[in-house]
Amino acid sequence: MLFVILAPLALAAVAFAAPSQVRRPLALLVGGLLHLAGVAFLWVTRPAPALGGWLEFDPLARVVLPMTSVLFAVCAVYAQGYLKRRPDRDNRIFVGGLLVLLSAMTVVALSQHLGLLWVAIELTTLSTAPLIYFDKTARSLEAAWKYLLVCSLGIALALLGTFFFALAGAGPGGPRSLLLADLTRAGAALSSPWIRAGFVFLLVGYGTKMGLAPLHSWKPDAYGEAPGILGALLAGGVTSVGFISLARVVRVCHAAGESAFARDALVGLGLLSMALAAVFMIGQRDFKRMLAYSSVEHMGILTLGLGLGGAAAAGAMFHTVNNGLTKGVLFLAAGNLHRSYGSKRVDDVRGAARRLPISGPLFLAGFLAITGSPPFSPFFSEFAILNGALGGGRYVVGALFLVFLSIIFVGMGATVLKIVQGDPAGAPEVKAHGDSWLTAAPPLVLMALVLLLGLFLPQGLKSVFDAAAARVGG
Amino acid sequence: MSAWTEMVFILVVVLDFFLLASSRLRAVIRAAAAQGALLAVLPLLLATHATELGHVLALSIGAFVVKGVVIPWLLMWAIREAAIRREVEPIVGFIPSLILGGVGVALAFAFSSAMPLPIPEKHAFIVPTALSTVWTGLLLVVSRRKAVTQVIGFLVLENGVFVFGLLLSDFMPTMVEAGVLLDLFAAVFVMGIVMFHINREFSSLDTEKLSALKD
Amino acid sequence: MTILLSLAYLALFLVVPPLLPGVVNRVKSRLAGRQGPPVWQLYADLARLARKGAVYSRTTTWVFRAGPVVGLAAVATAGLVMAFGGAPAALSFAGDFVLFAYLLGLARFATVLAALDTGSSFEGMGAAREVTFSSLAEPALFLCLMTLARATGSISLTGMLGPALPLAWGHAAPALLLCAIALFVVALAENARIPVDDPNTHLELTMIHEVMVLDHSGPDLALILYGASLKLFLFGALFVRLILGFSVQGAAGVLVFLAGLVGFAALVGIIESTMARLRLVRVPQLLVGASVLSAFGLVLLLR
Amino acid sequence: MSLALVIAGLALTSCSGLASLALRRAPELAQRAASAVLVAGATLGVAGAATTLWTGGATEVHARWSVPGGSLALRLDALAALFLLPVFALPAAGSVYGIAYFPQARRGAQAVRLQLLYGLVTGAMALVVVAANAMAFLAAWEVMALSGFLLVFTEHEKQDAQRAAFVYLTATHVGTLALFALFSVLGSAAGSFDFGRIAQAGLAATPGVFLLALGGFGIKAGLMPLHFWLPGAHAAAPSHVSAIMSGVLLKTGLYGLLRVTGLFAAPPAWWGLALLVAGAVSAVLGVAFALAQHDLKRLLAYHSVENVGIIAMGLGLALVGRAVGDPALAVLGFAGGALHVVNHALFKALLFLGAGAVDHACGTRELDRLGGLARAMPFTAGLFLLGAVAISGLPPLNGFVSEWLVYLGSLRALSSAAPVVAWTALAAPALALVGGLAAACFAKVVGTVFLGSPRSDLETRPHEAPRAMLAPMAALAAACVVIGLFPALLLPALHHASAAWARLTPAASDTAARDAISAARAVTAAAAGFLAAAGLLASWRRRRARGAPTAETWGCGYTRPTPRMQYTGSSFAEMLTLRFGWAFFPRARVDPPRGAFPHHAAFSSHVPDTVLDVALVPVLRSASWGAEHVRRLHRGQVQWQALLVGLALVTLLAWRFLWW
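Residue numbers (the numbering used here), protein chains in the order written: chain A, 1424 to 1897; chain B, 342 to 556; chain C, 51 to 353; chain D, 305 to 964.
All the given hints hold, so there is nothing to weed out.
Output of the computed footprint for chain A on chain D, the stretches with three or more beta carbons under 8 Å from beta carbons of chain A:
hint, stretch
1, 432-443
2, 451-461
3, 919-930
4, 950-958
To spell it out: a stretch of chain C is covered by chain D in this simulated footprint if at least three of its residues, at any positions, have a beta carbon under 8 Å from a beta carbon of chain D; those stretches are:
hint, stretch
5, 121-131
6, 197-205
7, 255-269
FYI, nobody ran anything at the bench for these hints, they're computed from the structure. Glycine is no exception: its CB is placed at the ideal position from the N, C-alpha and C atoms.
Between the sequences and the hints, there should be enough to build the whole structure, so can you do that?
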């Protein structure tokens, strides 16, 4: 288990030390593949908890880690093509930072200790902030600053919340531990007010990291200015592990008998995120920011599913995977469009289907997938969440869910279609940045995965989602 | 002994007020440094078992070095390098800040008296002090214009969290505490780097310049 | 016996109609203090036209030539389902009056297309008016027939106009009366009579039916005129049977029916002599009014 | 066996486009191959469907599918078979037409994409119809909708195609979301997403279910006022695409309504009444809007709204019949509606293909620029005229038969003693009005496009359509004639389909069906009478008119008429459209003649879609404006962002601790 954490770290060190601009990106590829292999090994062998139970390949990790690993590997391939096109930029920090990020995400996914979880999440923030500044423009600098400050703030609150949890279990008979297993076992022995307060702080803290509205404000800035590859990893990987962290917190709440308290807050925040995303997506002129709001929306959907519990929670787990992969498609394709047109304004970009015969249609397909069109896999997970709402008699929640989905579809569709259709003649163009195999194939692979998961969901995966939902409990 | 401890807590809160009221950047940084140094003393004052002395000592020294020395020095260096104006430049005036701070402290005390303390043997001032300091940190981040003051706000907020952490020092693994401190240091370090770039890019640390990104 | 009667009526349907316009004109002339043409004038006209040659416009196609043929064939076929004088129709089935109405629609469609085929703006104008008024008359006609159907409990013309009709007058007289009035208005509109259209006008701008057939000549015109008289006969038959809804058996029944038709024609003549043609924009109001009347009749029965 | 045929057909048609992709070095061959595969698949499918339809009964297969709630359940009953006929037949005709209309040799990649999607949409529609599990249904449904969208998207360089594609996509997706809710409610109540299990569960027929179905399927079917996406989409797509979109894609919405209402043993009467009213409104307003159009394809598209309305009226009557336990009403209404599904598919496809031929030959679809095409393209004109007669519901063609069955249904209701049922008879006058208006509208179309003389100089010289385009049109026309003349042949099949849907006791519905069959034989007799009379008269006329002289059209004394003086389509319809002034918001541009010797004067008017352009677009625009203003509240400063975090924390704490 330590291998999947340490291998990327070691490669990061190699990357920092390596002198060659050209060869350095290979470290990404090696790291991604090693990690993928390691995760596959974990998946097959189902190892026992490591480090005194601090790390465990539990069902939640089984949901998020393979997806993250696949996403990273694909992005690593993409990076080969991408960085080749940016020879002017020093990629030392970029490559190293990404590898540290991978390691940190892995720790978050595996961590069973709330303190360790917190440290690793903070590390994901710190390792990515400099990468947002990769373009070295004033705008990207601003985005980096906002990302750093707002996320750090949120995370600091999460630390306080973590301490609250610890305090809740510090009384006589309490576990006096931050290990999830101990906390859940303690159950009702935990001090209820401190669990509640801790939940609120943790929700705000990890919600900031996930980008739930109204804590999302860093997201459009960061996603808008970061390179597409980083956007993909942030929106697909970091937010997903953030969600898993939140799910672990919720698990403690359930165990402490505070389900009702947690649920209302989760459902409310989830719906608020969808609503706000809808408002900000109507008439959005910048397609990368649009994707950021889409990410806000989907974090809302995940939170909603988690709040509804039961089948909806299983749907949310499934959706974590779907959202991660689809966001990968969208951000990588958007990155290609951005490179090719030299602009991410809707007014400048048109006729993408013609100019970029792979990335353009992929962007459209990704849009259709992320908005829940069957037979792409996000449909099945969103449908499961809807089922959870309507089947549980939460008709208002279900109705709002659908209304927000439709508004978002209209808003997003208007932007996406404007980009994809039309005649590209006359639109700004950066020569030699058309589709190449290294940049077009990775999102294509992800898209194929999204479609495949929709058409055929292996029984093994399905049981993992159910197990993960059961793990969260409630 | 207990009176001393109480005194330290009160000083921490007074420093919170000072941070909110001060108009000089250097003074603010010094106050934050002083607060950090004070906090470093607390674990020693609160330690109950001689057996864990090594752990407590390490924590105290670590906190002192990071919060009381390195980070303030870093910030001093930053404002000297940036050659910026030495005023704080608040968005919300000093008096409203102070009043808000006062309200926050009151709320913090009210909140902590409403919450049962599972470990009654711990000092009753820990929770309200921690929350007051967190609140002050939030206020500083939100109501000050310069990037440096925002970093100080973040630092103060972390100080508050640190105070809270004292409640748990009995069973909090050293690794986590070290990680937290290290993360804090790394965060401020990265923030410092970004500030350096901001200063170079905009010739200022005024965050008003940082509002090009919006919908 | 009934079959013979039906066949006799069918024969009458093919022979008598040209008489009706004659009667109308005769009545109009008399009321205007003139002698007027003989009542069988139309027979003579038809015979003359059938022998004459035709002239075709260069813009026209086969559609123009097919118009009169289809128009006449459709109207004649409509006679198959009509229960003249209450005797069973030659062909009777559930919903046959739908076929009746739609065959008249087919005839109109053919005439209108033939008019448009000439490319003349006047004929286009007439065609536009024709389709406008007839489509507004359609609901009125259906409402009338449905009132009749509801009152008699039958949904074929044979049943509606057969022996059940006198009984219906017994229990649904007000509805049937409203229906009769509306039906008369529809008959006037469908047959291009005053107050909807003036068959004797000499200004193309104001005509409806007449202007549509300006370019037809010779045998084509004969078909059209004959067809128009058949249509008048059909509506007359419907109206007369509705009004004279009592049972008279056998040959006497035929006589009563014919007398009623003459009366119908005379009534049309009287109206044409005493009323002016409505302004075109007022016509839809008349037709919608007829629809409302007959709808009221139906509502009376549905309640 | 028959299901296997259908599945084989489905698979073949779905993949047919691959041929044009694989052989793209030899485009002509590729297209022919793709078309041949599609036609072969369609033939298999039609064979399978026809067998089931005429024998009754049902076959089904079940396979596991691992997605949550999903199973690959396919079921072919008479109802599905009925819809499968046009689903397979029309695309086959369309793809042959496409060989000449949208040649791959000239259109290249665009044509390849079109053919891929053409096959895919066919397969997806077939899958929608045979799917017996909600997840499979929804998946097929969306594949169908998305391929439809991409087909509209074919010529996406054009401005109006872009707008149409966007409106179509959003409309169809919103509809799909309603269906998500519908099946979610049904599935969670029944504990399974298999239609069979849902039907057995005996669920309560709640208003929510029906409204969701009406909304979700109504958008697809184009029921007024949910039709707003339809005119633009059908006008913007290539004609053979419009033909299947209008001919069959819309019908899947009606199929869905039937499927869902069929899941309930006794739907309440108000379901039927609601559908009836929606149908009547669609029919009347649809034809009214059609009258006001001057773009040939937009006009035809509005006629789809009208015809869907007529179908909905029939189905509404049938629902009422089921609700009150009147099998005859159920059978007649259903037979009328269902037969109209097939009929409308045939003649609307014929008309769209004809419109495509006109567009192909003249380069414009603007009615008021055309004229006199019957001379240049006599076959197209004749076939189009036949379609026009059929769609106007005039005897002796198929349109009449189905409308007549709907009339029979409403007359059946008329004689009912139950007041609620009797009132539904008021559908008949509405249908009569629709019939009159439709005839008026098609008189306008045929008259303006094919008759008279050309109204303007076209860029190209009109020419007769090539054989590949005429042949499918002729086939469709032949089907219209056959159904029109021999309706009695189809009624047993319709009876099977209605039994599959309505769960009737056979005895009661058999009587009704037998009566209808004998009446249909009488219709055949009347049609024969008409044809005989017309034949006799025609042969007499032909002998008399031989060698008749020709001359100018009589100009009523005006000696220098020009073609531009002809009545235009707009002026032809003006008197009627005035009647619907309350529903129209025409936009006119007037450049009046000025001075004693005016040089230039112009007038143009356009009737936009009331729902889309007058209601939805302004609403959306103001929503967008509102969103813009909300967004302004969101400042770019980092302090504001931090404040949001703090506020969220405080608010959550207050909410959860003070409220709790």
